[in-house]
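Asker: Quick note: the sequence shown, position 89, residue 89 per the working numbering, numbers continuous.
Some clues are possibly wrong.
Claimed, not checked - Simulated pairs of lysine to any residue, SDA-like, Cα-Cα distance not exceeding 25 Å:
1. K96 - P159
2. K96 - D35
3. K97 - S57
4. K234 - C190
5. K97 - P159
6. K107 - N51
Source of the hints: derived by calculation from the structure; they are not laboratory data.
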Amino acid sequence: MNSFPIEQGEQLRVGTVDFVSPNEIRALLDIDSPDSVALNAGTPRNFPRVNSYVLVSCDNGYLVGQIEWLAVEHSPYPKQRDIQDFGLVNLPFPRKKISLNPVGNLKRFSKDGTDYFIFQRGSESFPSIGSAILLPTDLQLRSIVESGNNRRVIIGQSPLANNANVAVDPDRLFGRHIAVLGNTGSGKSCSVAGLIQWSLEAAMESEIKPNARFIILDPNGEYTRALGPTTKFKGRVFKVEAEDGENQLQVPSWFWNSW
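Construct the complete structure from the given sequences, taking the supplied hints into account.
Answerer: Shown next, in the form of structure tokens:
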């Protein structure tokens, strides 16, 4: 059963804006907003959660905000609409607050009776005090995460966006300095190997002759099994003490000059 847009928006509402600045938006969550799992977006979803997305009603669509922190403040008990609590003792009541980082605008369009959304980075306008905070639907989350041009290489799925595909443009990714950070055992080496493998696989499937070159300094020997000569990528291995199928590492003498 489909609901009207206004009714659907009311079902997805979880709070209101109470602070607006160019780089931060703060909101008070409703007392009946989800505590851990939200079911009103169509599928079960963890909420509130740091780094997850919410929508803020604006003039030209929605402002997309990413949750930076969660907090609880003690305030007077919020009065609900159409309910009068004459015998209520006004004791401090914990209210949940969230801080949002505005990341872009989400606009709604329709073609042949089908709705779709387009996400653009940057903010054309900011919400006002009292604007509604909404949970995004699965379609809106996919429009946010899968936005952008020339994203030819899929590197994984986003658990915060209902496993939407996360893709990158390899030309932009490897054309600048990047870093993969994480704790011990979190998968840094696997992520780097995966980025190179997926980029090479995408190049192999295209009709354009690949011209990329990867030089990996591998002191711990972590990447040989993933990219070495026995794989389909036919990577060449250079070692000081070369074994079968490996090349002898030769370095010019001037390379060792300490000056």
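Asker: It remains to establish, for every hint, whether it holds in the given structure.
Answerer: Here's how the hints hold up against the structure:
1. Restraint check for K96 and P159: the C-alpha separation of about 23 Å stays at or below 25 Å, so the hint holds.
2. Between K96 and D35 the alpha-carbon distance is near 9 Å, which keeps this suggested pair within the 25 Å criterion.
3. For the proposed pair K97 and S57, the alpha carbon gap of about 18 Å is at most 25 Å, so the pair holds.
4. With a C-alpha separation of about 18 Å, the suggested pairing of K234 with C190 holds against the 25 Å cut-off.
5. Distance hint between K97 and P159 is fulfilled; the C-alpha atoms sit about 23 Å from each other, no more than 25 Å.
6. For the hint pairing K107 with N51, the CA-to-CA distance comes to about 21 Å; that is within 25 Å, so the pair holds.
Violated hints: none; the structure is consistent with every hint.
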